[in-house]
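Engineer: Chain residues, written in single-letter form:
There are 2 protein chains.
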Amino acid sequence: MAKSFTDLLRVPDTLVDLAKVPADAHPGVKSKKDAGQAMPKLGERLADLQEQLFAQARGGTRPGHASVLLVLQGMDTSGKGGTVKHVTGVMDPGGLRITSFKAPTEEELTHDFLWRIRKALPAAGQVGVFDRSHYEDVLVVRVRNLVPREQWEPRYGLINEFEQELADLGTTVVKCFLHISRDEQKERLLARLADPTKLWKYNPGDVDERKLWPAYQEAYAAALNLTSTATAPWFVIPADRKWYRNFAITQLLIETLERVNPQWPPPDYDVAKEKKRVLES
Amino acid sequence: MAKSFTDLLRVPDTLVDLAKVPADAHPGVKSKKDAGQAMPKLGERLADLQEQLFAQARGGTRPGHASVLLVLQGMDTSGKGGTVKHVTGVMDPGGLRITSFKAPTEEELTHDFLWRIRKALPAAGQVGVFDRSHYEDVLVVRVRNLVPREQWEPRYGLINEFEQELADLGTTVVKCFLHISRDEQKERLLARLADPTKLWKYNPGDVDERKLWPAYQEAYAAALNLTSTATAPWFVIPADRKWYRNFAITQLLIETLERVNPQWPPPDYDVAKEKKRVLES
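Chains as they are written, first to last, in the working numbering: chain D, 60 to 340; chain L, 60 to 340.
Careful: at least some of the hints might be erroneous.
Identical chains blur together in the list; that is why a pair holds if it fits in one copy or across any two.
Keeping only pairs whose Cα atoms sit at most 30 Å apart, straight-line, the calculated DSSO-like set for lysine-lysine is [stated by the list, open to error]:
#1 K257 / K332
#2 K178 / K92
#3 K92 / K335
#4 K92 / K161
#5 K161 / K301
#6 K334 / K260
In case anyone wonders, no lab produced these hints; they're calculated from the structure.
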């Protein structure tokens with residue numbers, strides 16, 4: 060039997076050197092054409108599972124509290140926004156909660172780093188999506204020395220505790236690092252500058268961040284190592300090819316939802332009696 | 060030239076008797092097949108306009124503050140949720156803000172009826188979608204006498220003031236009444252009761268509401284009459300046919316966004332200089 064994407068893409072337990080992980084690989088599928096042909100059915104499957112998760116939390120006498128949280132991290136232009144658009148596009152927006160985290164506001168900075176994260180968690184039955192997340196507090200914060208080491212270093216442990224708590228309360232966390240190569244990022248930045256309809260997506264600050272590429276890769280490797288747990292593992296998604304990125308994350312979400320295994324809730328009313336009432340109305 | 064959907068579907072200025080408006084009509088398009096063939100291009104057009112609205116509010120030195128708010132109202136099973144799913148499915152979720160209003164919470168009831176509405180408004184550049192809205196406060200509230208007449212009656216005027224204020228602040232409001240026939244509602248309720256994967260969507264309270272059909276139609280007619288303004292007109296969408304409902308609302312959104320006419324923002328940086336910086340990085 061083919062290996063699951065959960066197994067194929069999970070970060071290995073040993074320290075990971077990101078430079079050695081090819082960003083243009085496509086494990087688990089032969090070609091763009093094969094992935095493209097599979098996508099419509101996968102989209103339907105994902106939509107069905109999402110509806111069932113949503114229904115389980117709503118109907119019946121014993122609503123389930125399961126939810127799923129997809130965390131997306133990656134360098135600028137790695138495709139976090141594109142993933143949100145393409146992977147969630149097939150799902151019902153009523154069952155989605157999508158949050159894009161920017162630099163924290165003044166108010167957010169007066170709280171602990173998980174405060175704004177907790178406020179954005181998916182409700183029971185929802186699929187939450189984080190475009191950036193609490194991981195920024197051990198990524199840009201570490202690389203840019205935004206707080207001293209004695210403040211960011213304990214965060215790895217705090218994150219593990221937090222994610223364990225989420226799991227205990229019914230939220231399955233799926234963490235995806237969108238892995239692009241340094242060359243691919245250059246291409247994508249140049250493409251933005253070459254297209255009048257993409258100029259607004261470009262920010263001169265992106266080049267400043269790019270110059271810190273090695274420091275960021277190191278910070279990502281540390282985060283992947285220190286916070287990939289059995290409860291909330293990290294997945295490294297080769298993301299130089301957008302089609303593979305979308306395909307792989309769709310597969311991961313399907314596999315995750317299949318493990319959550321949501322059930323249609325039993326009706327909390329008498330179906331035959333209600334049919335009669337409707338017919339007579 | 061063909062009439063716009065904005066003209067075709069706008070509530071007439073004269074008092075409307077909803078029973079006389081056919082719910083299975085399909086003005087502006089010959090057949091389901093024609094609509095289906097047009098939809099992919101319309102979806103692309105809508106997605107492009109949404110991106111441009113979003114971009115306009117973000118980039119450049121003089122961000123625009125325009126946003127759009129789609130308000131969906133209609134009887135149970137009229138397809139509000141389905142509209143959200145199909146019409147917004149083509150758009151980028153980052154530029155969408157979708158809110159489904161339920162019975163107000165205790166906290167919400169301690170405030171004026173527009174308090175929770177204001178909190179859910181789209182940000183600059185977003186397309187907001189309300190599945191139910193402030194109109195419930197002159198619909199179910201009126202039909203069920205949830206507050207005395209002297210409290211709900213002034214709300215028509217308050218709503219008009221509120222929507223004028225929204226327009227003045229840059230939000231274009233598009234209000235759609237999903238018009239289904241009483242027979243079609245019966246079919247849809249029975250369909251829910253006949254399908255194990257749809258039982259969770261059924262609520263015995265739906266039949267209680269259905270028994271008040273004439274009172275609801277009267278309350279809807281009053282709302283359409285008293286709050287359809289030049290600034291924020293109501294549209295009556297024949298909604299017995301789901302394909303027409305999705306097609307017509309997509310057209311209305313496109314026409315609305317074309318009137319808003321968002322522009323790609325000019326870059327607030329030197330493009331040539333940035334190209335050089337990226338190439339050297």
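Engineer: How would you classify K92 and K335 at a CA-CA limit of 30 Å: within, between, both, or neither?
Structural biologist: Neither, since 51 Å and 36 Å both go past 30 Å.
Engineer: Is it within, between, both or neither when you check K92 against K161 at 30 Å Cα-Cα?
Structural biologist: neither (35 Å within a copy, 44 Å between copies)
Engineer: How would you classify K161 and K301 at a CA-CA limit of 30 Å: within, between, both, or neither?
Structural biologist: within (23 Å within a copy, 38 Å between copies)
Engineer: How would you classify K334 and K260 at a CA-CA limit of 30 Å: within, between, both, or neither?
Structural biologist: Answer is between: at 14 Å across copies they meet the 30 Å cutoff, but 54 Å inside does not.
Engineer: Can you tell me if K257 and K332 fall within 30 Å by alpha carbon in one copy, between copies, both or neither?
Structural biologist: So K257 and K332 pass the 30 Å test across copies only (16 Å; inside, 58 Å).
Engineer: Can you tell me if K178 and K92 fall within 30 Å by alpha carbon in one copy, between copies, both or neither?
Structural biologist: The answer is neither: 40 Å in one copy and 45 Å across copies each exceed 30 Å.
Violated hints for the displayed structure, listed by number in ascending order: 2, 3 and 4.
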